[in-house]
Structure formats: structure tokens, C-alpha cells
Amino acid sequence: MLELTVPNSVSFHTANAFFSQNPFFEEAGGLARVTLHPRWMHIEPFGMAMLAAWGAWCRRHGVRVEVENLGPKADYAWRMHLFQFLGVEYQPQRVEREEAGRFLPVTQVRNGADIRAVIGDISALLHLQHNPESLAAVQYCVSELLRNVIEHSNSSDGAFICAHNYDRADPARVTIAVADCGVGIRAHLGRAYPEAQVNDWNAVTMAMRPGITGAIPGMYGTPDNAGAGLFITRSIAKGSGGYFLVASGEACYRLRRAKGPEAQTELPLDPTFDRHDKWVFPHPWQGTVVSMEIRTDQIDDFDSYFAWIRKFVPAREEVTRRIRFT
Amino acid sequence: MKQTVRLPGGESRFQEDKELARDIRQREILPALARGDSVVLDFTDVEYATQSFVHALIGEVLKRYGIEILDRIEFRRCSKQLQNIISLVVNYSLGGFVEGIDEEVIRDSRLSASA
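If you're matching them up, the sequences are chains Y and F in order.
Going letter by letter, the first sequence gives residues 1 to 326 in this note's numbering.
Going letter by letter, the second sequence gives residues 1001 to 1115 in this note's numbering.
For reference, chain Y alone in the conformation it holds in the complex:
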């Protein structure tokens, strides 16, 4: 039997432990047991999205999931729709008013129409109606992260997204996570880049550089892909002072907050030039997980992020002069 443990906290700060201690895809023998912490449970969106994606994977592979310690603290996970993806029955002990939440519960996304539905709902669900700059940043990142999965992961179950607006926390932030159990970044990029085939760390860090896409037949993209999605979402996280995490296979990159305001406004194309953590796990994640924070207290001018990112593209005077905005 496969045994997973969900510690009392699954957050950006404890991500390494959560990945390392759980052999998500080992031979299960038809049964998997998830043990929740008996007294306390804080699971950020990436934990929810991962568990939901894994739950769908289990169901597709005929693995039945049991959950231990379904106490009152499990109500939050129920509200986030986690148990429906694990195939576990649960009756909440307390039902809160829907408007009390500021979250997007775990949602399965299989195609463009599903993405548009998530984008349409997210303003109200995260209570961002009166914060248009943050809303635009969140919609932007949600779209790019989900489209990466739909277009590149070859995931049978699509993508699983979860988000939470921690608007009363310090720092105030929206956390977004998208997880899949698809082919993973290494297999995807490896078709076009031999160096990505070497190991998962190479592939993960390459994926965050602009102009890198497994769909690429030549430089700077196909008609439908430029390979800039993860680069721009990383930039938005960095620019607002948030974390950014990409895990695929046995490798995980976590962007940390910089040591000082000036360093926070620096944007290297190579993500390893940023303050980061490099983790290599004993049990690979079969697919990809991306999670990011957008510091809503720092997004007062979303437009400026693109002016910042544009500096990576050499300004060609003739080109700039000939673009006609009327």
C-alpha cells in the first residue's frame, strides 16, 4: 500500500519536506492511504492542486484512496473540493457561508473553454473586484499557467488549479497553483533541446527562460507558442516580491524573496541567478507543478511589469518606429 503524509503545514516554506517525504507514484498495489495531521492543517494551493492531480491519477490507475484523520480541520480541504478528486466521502462539521472564502477551489481544467470559465469566475471568487491591477495580474498568470498544461503536458486529466487570496495576511498576497500528471518538462523540452534531457533540473530552469518551448521548430516560437509564458509569470512573481516554484520530475526550483529592495527589482533571464533553492527529490513528481505568489500590496501598476520585461528584448529603433498605435 502506498502511504502519503500531509504534515501540519504544506506551504512554500515546507515544500521541500512535502515533496521529499511522499512517494506519490510508487507502486500502490491498488490502495493508497493519505494521513492528515490530526490536529492542524494548513495546505496552500500547491498542496491542494498536487493532491487533486495525484488523486485523479490514482483513480485512472485503479488505485483507491483512503484518508486518515478526517477531523474538523479537514473542512477546509472539503471546501477546496479536494476530497472529490481523491474519491473520498466526507461530511463537513461546519458549513461556512460561501462569501466567507476568498479562494478558487481545486478545479479541473481540460481545454480552452475551461480556462475561460476559470478566468471569468476568479474575480468574484478571490474578491478582487475592487483591485483591478491585482485581478489583471492574477488572470494573466492563471491563463499562462493553465495553457502551458493544456498545450504541452499531454496530461490525460488536464490541469488542476487552486488559488487563495490571503488578503488579510502579511504580506497580502494571492497564491496560485497548477499541477498536472503529464509528461513533465524534461520529456517535453527534451524533444527540442538535448541539454534538457540531461536531468530534470536543467529542464526546469530552461523552461523559465524566454524563447524556450518544446513546440519550437526554430528560434522564437511557432505560430502559436513563443515559450515566454513561464518567464513572464516568474517575472510577475519576482517583481511583486512573491515566491515562484516549479517542480517536475525529481527537480524543484523555488524563487525566494531577494535580500533587499534593489535586488528584488533585478530580473535575470537565467533563474539560477536569482536567490533560489534547488531541490532534488528521491521520489519524482510525474508531471509538473507550478505555484506562485502575487503580492497584492505591491501590484499598483501592472503595466509597469511589461515595461520591465520588455527590456529583455533589444529595442530596435526601426521596429519601434514602425509599430503604429492609433
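I should point out that these hints are in silico values taken from the structure, not numbers from a laboratory.
Any given hint could turn out to be false.
Think about it this way: if two alpha-carbon atoms lie no more than 27 Å apart in a straight line, the pair counts; the simulated DSSO-like pairs of lysine-lysine are [unchecked claim]: (1) Lys1063(F) to Lys1002(F); (2) Lys278(Y) to Lys259(Y); (3) Lys311(Y) to Lys1080(F); (4) Lys1063(F) to Lys1080(F); (5) Lys311(Y) to Lys259(Y); (6) Lys311(Y) to Lys1063(F).
All of these numbers come straight from a predicted model, not from anything done at the bench.
We have chain Y; now place chain F onto it with these hints.
Frame of chain Y; chain F shown alone:
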């Protein structure tokens, strides 16, 4: 001749629908340009768009025709964000991102992020 394409923005005025962009590119933009017409891309109903959307809309056009085609494309009523995105896509489509990028670090003091 000038063909105007008014891009839908929906209720949120946020546009990310790459399938739509591909459809507009294939059904309207490329045929119009192939006829020798000019194209007006009217963003009146769109305030924000993703880079992926704009790339799907015009990336192939720029690769196929090169810089000269900019004389036959007009971007109408673009927000500041859209202008930045369009400039980004046009520039990298015609020339790529920074070369020798390992040494490149871009700073922008306008961002107010705190550590």
C-alpha cells in the same frame, strides 16, 4: 483596402483566448494581407491581453512578412499594457530576446517590490 478586425474582450475586457487569436489570424489577418490589404486591429473592447494571445494573433504574420508588414498593420485603441505586450511580441518575433543572456540582469526602479 483596409480591413478592420475588432477584437472581442468580453465582460472582463481581458483577452487570453489563443484559439480565437489563431482563428482571427488564419481567417482574417493573413488572407487580408495576402490580398495586399491593410489590417486594423481594433482593441477597443480589450484592456488586457496575454503575450500568448498577441503572439498567436501576429507572431506568424511577422515571421512570414518581416518588418515591412508593420506598414500595413495598425493597432487601434491599445491600453498601455497592450502597447507594451505588442511591442514585446513584435520585437522578439523580428529579432529574439537578449543574446548572451547569462550576464543580463535588468533593473527597474519603478517597481516597488520590497524584499
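These are the hints, each one checked on the structure:
1. Lys1063(F) to Lys1002(F): Given pair Lys1063(F), Lys1002(F) holds - Cα atoms ~21 Å apart, limit 27 Å.
2. Lys278(Y) to Lys259(Y): holds (17 Å)
3. Lys311(Y) to Lys1080(F): holds (15 Å)
4. Lys1063(F) to Lys1080(F): holds (24 Å)
5. Lys311(Y) to Lys259(Y): holds (23 Å)
6. Lys311(Y) to Lys1063(F): Status holds; Cα separation ~21 Å.
Checked against the numbered hints listed earlier, the structure breaks none of them; every hint is satisfied.
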